[in-house]
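Novice: The chain contents come next:
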Amino acid sequence: MTFSPELEARFDKFLAKYPADRKRSAMIPMLIYAQDEIGVITDELVAEIAQRIGCKPLDVNEVVGFYSMLHRKPQGKYHVQICTNISCLLVGGDELWERASKKLGIGHKEVSADGLISLEEVECIGACAWAPAMQVNYDFYHCVTPDQLDKLIEGLAAGRKPEEIPVAKVNC
Amino acid sequence: MSDLVKFTIDGRIVEAAPGTLVIQAARLAGIDIPSFCYYEGYSLQAACRMCLVEVEKTPKLQASCTLPVAEGMVVHSDSEPVKQARKSMLEFLLTNHPLDCPVCDKGGECELQDMVFRYGAGESRFTENKIHMDEQQWSPVVFYDGPRCILCFRCIRVCDEGMGVGALGTVNRGALSLIAPNMGDHLNCDECGMCIDICPVGALTSGSYRYQTRPWEMEHTGTICTHCSNGCKTTLGSRNGQIMRGNNRDRSGINGEFLCIKGRYGYDFYNHAARLESPLLRVNGKLEPVSWSKALSAVAAKFSSIRDAGGTFGVIGSNHTSNEENFYLQKLARQVLKTNNIDHHRTGDIVTLIDALAGSTGQLAASQDFYDSKAVLVIGSDLALEHPLLSFQVRANYRHHAAHVYVATAGEIREDKYATKTIRLSQASELGALEELRAALSAEPELLIVFNDMVKGDDVRKLVKFGKSLGIPVKYCALVDYSNSRGAADMGLMPELLPGYHASNMPGMTLPEMLASGDMSALWIVGANPLKSAQLAAKKAFVVVQDMFLTETGERADVVFPAAGAYEKNGTVTNVCGEVQKLNRAAASVGAKPDLEIMGLIAKEMGAAAQMGAWLPETIYKEIQSQVKGYNIPLAMVTLSAQQSTPVNGGTGVASRPDLVWSAHDGLFTSGTLGRYSATLNSVMEKHRSAAADQSTVSH
Amino acid sequence: MLYNQPNPLEIRLLTRRFGLPKSASIETYLATDGYKALERAMGMSQEEIINEVKASGLRGRGGAGFPTGMKWGFLPRQSPKPKYIMVNADESEPGTCKDRLLIEFDPHQLIEGMLIAALAVGSQQGYVYIRGEYRYLIDVMDRAIDEAYARGYLGENILGRGLTFHVATHSGAGAYECGEESAMLESFEGKRGNPRIRPPFPAVAGAYQCPTVLNNVETFAAVPAIILQGGAYFAGLGTPKNGGTRLFCLSGHVNKPGVYELPMGFNLLRMIEEVGGGIPGGKKLKAVIPGGSSCPVLKADECDLAMDYDTLAAAKSMLGSGGVVVMDEDTCMVKAALRIMRFYAHESCGWCIPCREGTTWLRKLLQRFHDGQGQRSDIILIGDVSRNMLGRTFCPLGDAAALPTISIVEKFRHEFEAHLDGKPCPYESKSRLVSA
Ligand SMILES: Cc1cc2nc3c(=O)[nH]c(=O)nc-3n(C[C@H](O)[C@H](O)[C@H](O)COP(=O)(O)O)c2cc1C
Ligand code: SF4
Ligand code: FES
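Protein chains in written order, with the numbering used here: chain A, 4 to 175; chain B, -5 to 694; chain C, -2 to 433.
No lab work stands behind these hints: they were computed from the structure. Every residue, glycine too, gets a C-beta built ideally from N, C-alpha and C. Treat the hints with care, as some may be off.
Straight-line alpha carbon distances no greater than 30 Å define the calculated DSSO-like cross-link-like pairs of lysine-lysine that follow [as the list claims (entries may be wrong)]:
(1) 78/C - 81/B
(2) 112/A - 76/A
(3) 415/B - 26/A
(4) 16/A - 313/C
(5) 78/C - 51/B
(6) 296/B - 598/B
To list a few chain A residues with every Cβ distance to chain B over 12 Å, as calculated [stated by the list, open to error]:
(7) 75
(8) 106
(9) 162
(10) 171
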């Protein structure tokens, strides 16, 4: 498999982090960064990573199924993750989730027809004090109001980049 | 040895070696603590929580499967909290376990069913929907029913640790966790069925047995696998004389619960459509079914006239027929047909090894030695593929005793993975490379050297010399191919050696000589297929064949007798380590007769019945016991368990014949001519062939 | 930019650089006593460092509250194996969002804490296991690590004093269970995040089966202050046996949610009122989860207590990870129990029967109950099933699922009864969203 030079460089860095006989430690980091580039975890990727870290494809497969951020089905270009766990729930996280789902006409782990947006109801993302919270790919949105959610989703659906939409991301 | 630890369990004071787990110590003391995930011999999981016990001065219940005994520890394994905990675990399990016991293959031998019965957790308070999933077929042999799976991880461990294959894993998380095969939706593995056998419930089922019958409807017969030379005991379950399944559920025999695909599923040749059910006689150039009496009298008449006319007989014996049959055959040949032209296909040079070890005792390895010996040197053989039990034992030896394994083979083998040292050599002339191992080997307390047909003739002597020069106790095992290859040699199915490796004073023709000679008057071939790969030079020879199928050799015959298979008869066989074991009849044959009976009937027709004696296996065994060197073992003992024969004597006094020794190197899914008639072996081979095409990434 | 305004009641020790310009940079760090503690620790023996940490009364901030100095002391001194320092930045306990800030705003404090731990046990390699969702923090941390290498605070011959220590980040990929220390080590080694059989504990057989110091981000972050200002000073900030300050994550129904550094033993009601600014809309307090979703809930009348490990244990709850989740009178406790159980069922690793099957059973049961299909006997069943998990699972996740559930059915039984007979949830109609 060929990856971008940036990803290859990252892989090299990952593999150098661990003792020489412990390359398997790089498995999860490699998987998640590769998924970011390819969009999904394929059998081919599984075999490739297995080969690079010296284990069986089965060993990688076991891992892929365990971690909720690793996906065997393609996600949208923008993966919208809305937290409905306890702190968010208390301030309407579940309502945000339903609103987003209705607006997009897709449910949990579904992708919009144009492949642009996917939706996931997620567990606590560590933004409890700034709830309700959500993430678009890796970017956090704190204290999200229904209005902001609408703007964000409409903007993304119209093909705009998150940073072009006037809703404050944090820590980016 | 260090002092024993004393602890109390259920009011009894019990002693155990330090490091013993409470569950083990309890079971040794006759207190059965239940478990699903704990399984003797495999790595610890502590996942099922069935083994929880109360330990005084510890607030929480403890998993006894990971708790080592400690001096003064007070354990309760039958208190109310413990029983309540067990019951609750079962209740948890049943929340997602389908209650389809009436149709489940495991019904009647299911550990979950037994425990629910024992702890009374039959009534569930679970009223929610269960997770449904379709059953998956992973190979011709292995089926998986996810909802039935209780995730005890036994299958994963037996495959990885026991078999050294590692074809199973866990996917998903939490309640959605499932066992998964290595190739995504199918397996690439040894197809041994160990995972199915070890599964405590009906989650893993076998292609051959599923939905066929219920355990209690079968009769179970323990006999010896008729495929490779390792001699595993297989327990055949039969109903109305039909074999329904193979396993070794009572864990008796040299193999414990181990069986490879052949021992477990490879019985299915016995009712193949091509089985011969009637004698065949060549009439007007064509083989036609005839009555037994017609065929027998034709053979007897011909044999008698050839003998009386001083014609030349050739007799070729089998690697699969019983010791009794082999002994009877050579006796009939030598005493009635008056010929020493008797041989069989030799698959390993046991003859030279026995000669090279002349005068010594205890140097022929037993199968237990593969598990016990502190060090093992494997020469030439891809052990895991060609000698599955021996390989299994070496792996267990490594896991349990940290045995040192040395490998000297042409290519990579499974043993490489955990070998202390590996060297590559492709022929016996390179055996000098063993010198690289000398320092390491001579530092071992003991050694078992196992070699295949790469080492034969004088090379065997050199190897034994090398072994002697190490200055440590060394045992040997000369690998041979089939279920009674060793017995054929022991019983004297050789022109130069009589039973017990005594030199014949009038050596006859060897197998290739018999085939190549244009002067043979008659050839009698019992359970062998030499014409598969050779031509019979004597165009006019009268050929008699005994076999289960019409083989290439049978096609050339003038008379063919339908023979019973190993699972249809009684007798004894001798495995690669010289261990004598008992064959017990598990299935009825249709039309066929055991080879012994066929030979007996021929002898009778020739008027030699009195001279040969009764053709009952027990009677002949007595003769073997008294006449064959190393076989002085009462049949009663053989009936109880495998008994190693000790045929080494003062030297055979014959020249080595390495030219006669060659192994067919059958792998896991082939078994000589026999393998061609096993639907299971063929379907698996077919699958593997197509898998090889899509460049499998599974290492072995 | 800070996510919430500081409160005057805070004692800003670990958070003192929060809000400084470029607080994550090594320049800012060095300008504010950064790496001074390391220099001091270099002049101390291993024994002395560990004793100082013991004297500080520092207890693990990840949840279990095990005394940190004692844990470090468990590492075998004479082991020929390499030793590892492992930072638990998996922060996934619902209600907890503090480690995020400690890395985002002061990553060098964490590196310095790791360095001191490395000195104390003789380690040359550390890793920071960061949950995959915190991708931006991996970048922050990597940048800080690069800076520290560039300035000679990491690498070989650190500060010319012969010390070698390397640090690298490691990304998780979404699994709460990987916050459990032994599951984290499995995950770190490229495996499923199933916990390990213990003993042996990480101190003896951790990463790659080598002796390992494994602590929470906040635990390591407290170490530089302890070395610099003394264990006694740190201990004096809190209550007996509960040294120091603690980052409390105040969330739910308070006017000013946020992460606040308060002394150990700070009164919970006061925290809600004076730090959190009280409950919006002047509503009444119903319940508080004092330390992340794994802790038994406290009823309003149980909340007048000191927030330290021992006081909460006496109240049959836990200080946990510092996630204080405040619930007002309009909160449906059945829904809360359901949401919490959905989390544990989703996150159960599946290794052991009681947790795997128990959480899923309870999730389904609570869902049905909340949907109005509950029966009176279900209320007892919820408690029973939870108690059947309690103390019997392979790792503490099972307890974490059972404990809050048991506390909610016991303390709010009347709310379950209010859902019986097909009645709709009494709290459902009111929206919680703020449209500002
Ligand atoms: C299910 C579970 C999840 C946990 N999650 C975390 C976590 O996200 N972060 C953390 O620091 N500790 C977590 N812990 C606690 C760790 O197991 C461990 O005790 C802690 O990291 C040790 O560090 P400390 O002594 O500094 O607290 C968790 C424990 C359990 C049982
Ligand atoms: S067995 Fe022990 S057996 Fe299985 S978990 Fe126990 S807990 Fe156990
Ligand atoms: S509960 Fe939503 S971020 Fe924590």
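Novice: Compare the structure with each hint and give your call.
Specialist: Quick rundown of the hints versus the structure:
{"no.": "1", "hint": "78/C - 81/B", "result": "violated (44 Å)"}
{"no.": "2", "hint": "112/A - 76/A", "result": "holds (9 Å)"}
{"no.": "3", "hint": "415/B - 26/A", "result": "holds (23 Å)"}
{"no.": "4", "hint": "16/A - 313/C", "result": "violated (47 Å)"}
{"no.": "5", "hint": "78/C - 51/B", "result": "violated (34 Å)"}
{"no.": "6", "hint": "296/B - 598/B", "result": "holds (14 Å)"}
{"no.": "7", "hint": "75", "result": "violated (10 Å)"}
{"no.": "8", "hint": "106", "result": "holds (29 Å)"}
{"no.": "9", "hint": "162", "result": "holds (35 Å)"}
{"no.": "10", "hint": "171", "result": "holds (34 Å)"}
Figure legend: structure checked against the earlier numbered hints; hints not met, in rising order: 1, 4, 5, 7.
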